[in-house]
Amino acid sequence: MSSQPTEASAPLIPMPSLTPDALRAAVAQIVPSRLPELNEHLASAATSAQRTSSVGPLRAFTAHWGTVVNIERWPQRAARFHACEQLAADPLADPEEARAAASEIGRILRTAGEEIGP
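The working numbering applies: residue 2 is where the sequence shown begins, and numbers increase by one.
It is worth saying that the hints were derived from the structure and are not from the lab.
Heads up, the beta-carbon is just placed ideally off N, CA and C, and yes, glycines get one too.
Where hints are given, some of them may not hold.
Label pairs and their calculated CB-CB ranges [said to hold, decoys possible]: (1) ILE14 <-> ASP91: 24 to 32 Å; (2) LEU36 <-> ALA11: 22 to 30 Å; (3) ALA61 <-> ALA11: 25 to 33 Å; (4) THR20 <-> GLN77: 23 to 31 Å; (5) ALA94 <-> VAL56: 17 to 25 Å; (6) HIS65 <-> PRO15: 14 to 22 Å.
Start from the sequences and build out the full structure, keeping to the hints where you can.
Okay, structure coming up:
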């Protein structure tokens with residue numbers, strides 16, 4: 002695990018290992034509403050990995066869900082991420098504010114992904 006982001010609050014949970022079981026347990030604890038999505042993604046990744054004889058789809062799964070967990074385990078980061086998602090998706094939002102929100106979403110995703118490592 003990499004360095005922790007600088008935030009005023011502590012994480013809800015420690016960063017789990019990047020395994021399907023550990024990520025599933027973390028999602029169940031901090032964003033249980035996303036468990037069906039995780040399970041579908043895992044099944045799809047496993048099928049693709051088997052079909053292509055490649056671990057690439059499973060690596061993509063762990064990178065994606067590791068990033069999700071690393072965002073959601075920090076309450077302030079998660080709140081900002083979701084606020085930016087709403088603003089960027091709002092068709093009535095000021096276009097410049099929506100672009101800034103989309104840019105911030107990218108920064109949050111990049112940072113969270115870099116923190117979990119390659």
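Verification of the supplied hints:
no.	hint	verdict
1	ILE14 <-> ASP91: 24 to 32 Å	30 Å, holds
2	LEU36 <-> ALA11: 22 to 30 Å	24 Å, holds
3	ALA61 <-> ALA11: 25 to 33 Å	29 Å, holds
4	THR20 <-> GLN77: 23 to 31 Å	27 Å, holds
5	ALA94 <-> VAL56: 17 to 25 Å	40 Å, violated
6	HIS65 <-> PRO15: 14 to 22 Å	19 Å, holds
Checked against the numbered hints given earlier, this structure breaks only hint 5.
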